[in-house]
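Here the protein sequences come in this chain order: A and B. Positions 1145 to 1615 (the working numbering) are the ones given, in order, by the first sequence. Positions 1145 to 1615 (the working numbering) are the ones given, in order, by the second sequence.
The reader is advised that the hints may include incorrect statements.
If several chains are the same, the list does not tell them apart, and a pair holds so long as it fits within one copy or across any two.
[What the hints assert, rightly or not] Subject to a maximum C-alpha distance of 25 Å in a straight line, what follows is the list of computed SDA-like cross-link-like pairs (lysine to any residue):
| id | residue 1 | residue 2 |
| --- | --- | --- |
| 1 | Lys1478 | Phe1201 |
| 2 | Lys1579 | Ala1516 |
| 3 | Lys1480 | Ile1417 |
| 4 | Lys1480 | Val1197 |
Think of the hints as simulated: they come from the structure by calculation, not from any bench. Being a predicted model, the structure only gives us computed values, none of them experimental.
Protein chains: 2
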Amino acid sequence: MSFATGMINLSPWSLLFLPMSFPDFSQQGYLLLAEAAPQTGSLVLEGTLLSLVIIYFASKLVGEICARINLPTVLGELVGGVIIGISVLNLLVFSEGGLGGSEAWVLQLLQGTAGLTPELTPQVAESLSEVISILSEMGVIILLFEIGLESNLKELIRVGPQAAVVAVIGVVVPFAAGTAGLIAIFHVATVPAVFAGAALTATSIGITAKVLAELQQLSSREGQIIIGAAVLDDILGIIVLAVVANLAKTGEVEIGNVIYLVVSAAVFLIGSILLGRFLSPYFVAMVNRMETRGQLLIASLIFAFVLAYIGAVIQLEAILGAFAAGLVLAETEKHKEIEEQILPIADMLVPIFFVVVGAKTDVSVLNPFDPANREGLIMAAFLVVVAIVGKVVTGLAVFGQPDINRWAIGVGMIPRGEVGLVFAGVGSATGILPKSLEAAIIVMVILTTFVAPPLLRVVFQSAPAAVQETG
Amino acid sequence: MSFATGMINLSPWSLLFLPMSFPDFSQQGYLLLAEAAPQTGSLVLEGTLLSLVIIYFASKLVGEICARINLPTVLGELVGGVIIGISVLNLLVFSEGGLGGSEAWVLQLLQGTAGLTPELTPQVAESLSEVISILSEMGVIILLFEIGLESNLKELIRVGPQAAVVAVIGVVVPFAAGTAGLIAIFHVATVPAVFAGAALTATSIGITAKVLAELQQLSSREGQIIIGAAVLDDILGIIVLAVVANLAKTGEVEIGNVIYLVVSAAVFLIGSILLGRFLSPYFVAMVNRMETRGQLLIASLIFAFVLAYIGAVIQLEAILGAFAAGLVLAETEKHKEIEEQILPIADMLVPIFFVVVGAKTDVSVLNPFDPANREGLIMAAFLVVVAIVGKVVTGLAVFGQPDINRWAIGVGMIPRGEVGLVFAGVGSATGILPKSLEAAIIVMVILTTFVAPPLLRVVFQSAPAAVQETG
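Modelling step: build the complete structure from the supplied sequences, incorporating the hints.
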C-alpha cells in the first residue's frame, strides 16, 4: 500500500530527472543523438526491464498451457507473442512495425510511472526497439549454438544412408513443390516463393527429439533415422536459409550468387568444422589451464560470436556461424559442460526471440471475414498440405529396411519449428516477404507443430517400432 | 584463404544492403530514426558481436593474469576494460564518452568488413553504444541479484551484534572521514564529496568471501564476523548508493529528500523482503507445478526485473530491487537451484559491466607528469588512506571477544569491489562526479582490492584465528 502511494506521489519528482547539465557533445557532431542519450538512458533500461517481464510472462503463461495439453512449449511462446504483439494487445514497441509509437502499452506505462515525456517518446521507442531486437537476435544466435552443441556428426554418419535419403528428399520435395506451387498457382514472385519454399524444408530437431523421448522411441531404429535426418536436414535448411536470405536481400536470383553462396556456405561450414576440430584440442587445453570463473563459457561464447560475426560479414547469417561453433564444440570432451552452462542462457534469451517473432506478426491478415485475406489463407492451406505430404513421403524412400515403420519416419519429420520461424523472422526483417505469405509460413509452422505429436503417437501405436539397441 | 578472398571481393556487394524499399514510416513522425533503423540493424548486431568478443577477450586475458598472481579476477576485468577503453586502445564505442565516433576500432572494422558507410556511422555508433550500455546494466542487475541470492539474513542475525558494530562503524567512519576530508581539504562540492564518501563504504562480499575461502578461514569466528558484517555493509552501502545517486541526480541536498529516500529505501527493501517471504511459498508451489523448460529461472527473472523496475521508478536504483529479489529468493528452498542457473548468466553478463566501467574511465587524468592531474592524484591517495584506515579500525570495536584477531577482521573488510565500482559507474552516468574524483574512486577500489589479499594472509599467519565450528 505504501508502494502505491509512493509511486503516485512521485510523478512531480520525475521532472527532476530531466533538466541536468550535460558535457558539451555538440563538438562531436552528434548533437541530436548525444543530447537525447543521457536523458533517455535510464528510461531505456526501465523500458527494457518492463518489456522483458512482459515477454517472459507471455511466454510462460501460454507455454504452460501448451505443456498441459501436450503441445511443444515453443508454440506457446509464439502464440504468447502474437497475443502481446501488434495484432492484439500491442504491449511492446517495434518501431519498424509502424504500429509502435506512443500507442504501445510499455511506453504508456513509462509515461505514467517513469516520467517519460511525449517529446522523448520517439527516441526512447527507437532505442528500446533496437535493444529488444538485438536481445532477440542474441537469442536466436544462442539457440542455433545450442542446436549445434546438441547435434552429433558421428551419430549422423552412423545412421548413414537412410538418414541422408530421408533428409535430402525431405528438403527437396517440400522446397520444389512449395516454390513451384506458389509461383504457378498463386503467381507469387520468384524470390518470396523461393523463400517460402525454403521455410518448408527444415525439421525441428528440438521438437522431434522431445516428442520421440516422450514416446520412448529415441533408441528405436526409426527414432535413430529421424534424429539423424533431422540433424542433416537442419544443416541443409540453414544453408538454404543463408542462400535464400541473401537472395531476399539482393532482390535477385543470380545463378553466380547462388553458386557463390552454396560454395561459401559449404566452405564456411566445413572449413570451420575442420579448422575447429584441428584447434579444439588447444581450446580444451587452454580452458583447462584457465583459473577464472566462467572460463569455459566465455571461451565458448568468444568462439561462437567470432564465427557468428564472420558468418554475418561474408553475407551468410550470424546463426550459421553460431551453429558451426556449436557443432565443433560438440566434438570436444567439454561439450556436456558447455551444454549445461548454455542451458540457462538459452532459457533466458531464446524465448525473447520466439515471443518477438510472434509479436511482430500481424495475424489480422488471416481474418477470414476480410476478403483481402483470402489469398493468404489459401496459401497457408497450400503450404500446410505441402509441408505434411512433402515430409511423409520421405518414409517411403527408406531402402534396405523391409520391416521398418515408414509412416513413423515420415510423420516424425513433420514438425517445423525454430528454423521455420527463423525464416519468417529473416523474411520479415529484410522486408521481402509479403505479410500474407509471412503469416502463412507461421501458420504452417504452428499447424505442423500442432499436428505432429498426436499423429506420431498414432503411427507408433498402430505398428510397434523395431526396437534396436545402438551405441 | 578463400575466406580472405571472399571478404575482400564482397566490398562492392555490401552496397546491395543499402537501397531497399521500406514501409512508409513518415506517417509515424519518426522520419529520421525509422529510415536509419532497417539499414543499420544488421550492422548493430555485427558491432554487438564484435564488441562482446573484445570485452570477453580483455576480461579473460587480464583476469587470468590476475588469477595467476593471486589477485581477484574482477580487478582483471576492470584493468582489461581500461586497456581496451578510451584511455588506451579505444576499441569500443561510447557515444557519451565523446571519444567514440569514427575513431573507435570496432567502427573501423565494421567499415572495413561489413560495409558500414561514413554516413551511417553516427547512427550505428549511437545504437551500438546504447545496446552495450544496456547489456552492461543488465550485467550489474544480475550481479546484485546474485549477491542477494548469496546473502543470508539468518546468518547475519546469528553472528549478530559484533557483525553489526563492525558493519556500522565500517560504513560511518570512511563515509564521514572521506566526505569531510574532501570538502575541508580539497574544497570539493557537497554532492560529489558525499558521493565519493559513500563509495568508500561497501566491502565487497564476493572478494572477501573468496579470499577467506582461499585461506580456509570462512568458518573461523573472524571469518563469520567478516562475512556477516560484509553482508550488512552491502545492504547499507546500497541504501547509501540509492540516497546519494538521487542526490547526484537532483543536484541538491534536501533533508526532506534524504529522509524520504532513507524511508522509502528501507520500506522498499524491508517491504519487498516481508512481502516476498509471505509470497515465496506460493512462488515455490507455482514453479513446482510448471512443466516448461527454464520455469524456475524465468519466474526468478520476472521477480527480479519487476522489483528492479519498481526500484528504478520510485527513484531508488534498479540494482536495489534486484538485490532485494535475490535476498527473498535466497530464503526459499529453491535458492541453490536458482544460484546454479544464474551463475552462467552472471558469467556472461557481469564481465560486460566491469569491462565497460574500466573502458569508460579516462585514466589519463592520473598521469603524474601533467600538473592539472595533481589534485586528482592527491585525492586518490587520500581516499586510499581513508578507505584502509576506516575499515581497519572496525576490528578494534569488536566487544566481548577478548582473544579475537582484531586485525584480521579489520583487514578483511578492506576490499571494495562491485559496489564501489557501481558508485563510480552511477556517478559517471549521472555526470555529477568530476573525472578526477571518479578516477580517484576507481584507483581506491583497485588499490584496496590489490592490498587486501596479501595483507589478510599476513595478519592471519601472525596470530592464528580462533577456529570455531558453527552450524
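Tell me the hint numbers this structure goes against, listed in increasing order. none
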